[in-house]
Amino acid sequence: MNIKFLGTADSGGIPSHNCTCSICSTYRKAEIVNLATCGYLECENGEIILLDAGIENISTLFDGKKIKAILLTHFHADHCLGLLRLRYSQDEMDCYHPKSDGFLNLFKFTKSINYIQNSPFEPIYINEFIFYPIPLKHSINTTGYLITNKNKTIAYLTDCAGIEKESMDFLLSKKIDTCYLDACLAPNYDNGNHLNYEQATVLLDKIGAKNSSLIHASHYTLEYIKQNNISLKYGYENPTS
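Under the working numbering, the first residue of the sequence shown is numbered 128, with each subsequent residue one higher.
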């Protein structure tokens, strides 16, 4: 059981439009694109479970594949934009999400998507997986997910400015194989909605997963790391597909 990432960047993506920083320039020259953080799991029966759906053409990327469910962390555009097209699917699918007023008219015109509000720490059973919603500190109501099957436990914790005690205690009660944690920012910039890589490193040390990776990087952060020749304890995850 592994999360395959379609993107691991922040909402601006890399390269960012018309940015000439060394990171965006390198990506552009190599014809590499890192889109907003979004991943998926492939079930034993071939069905797909999405972890966020912020990539606009996600319905095209999975055309011909059965999408069983979507586990949404929150309703910011870079995590749910793909639902605007995906709702026109000929297949019905469930979308689990934290308490929210939604995004644009998704709740009004649900079409093929059945929206189900999750409950913190209450298990969601989908095929061979169990998902536990983990409340995270962010600008809107947000939940990460602890994902388990018979072989592995993964924590997917994107878009977060901190982890409250109840959520941390829950994470510490589990033996986590792999943890992915938001580290959007550089230490010289704080918008109150995301962690920087130093703050994320402290939290990853505390969680103590066997393997840990940073996600949701901005090009500003990667540029800061490069310019200052910084060596990270935990590296940034790159897309795997």
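Calculated from the structure, these hints are not laboratory results.
Keep in mind that a hint or two might mislead.
If you anchor each label on the Cβ, the simulated ranges turn out as follows [unchecked claim]:
(1) Lys292 with Gly319: 15 to 23 Å
(2) Asn172 with Glu350: 40 to 48 Å
(3) Met295 with Ser246: 35 to 43 Å
This one's a predicted model, so the numbers in the text were calculated from it and none came from an experiment.
Cβ coordinates follow ideal geometry from the N, Cα and C atoms, glycine included.
Subject >> Non-conforming hints, listed in increasing numerical order >> reply: 3
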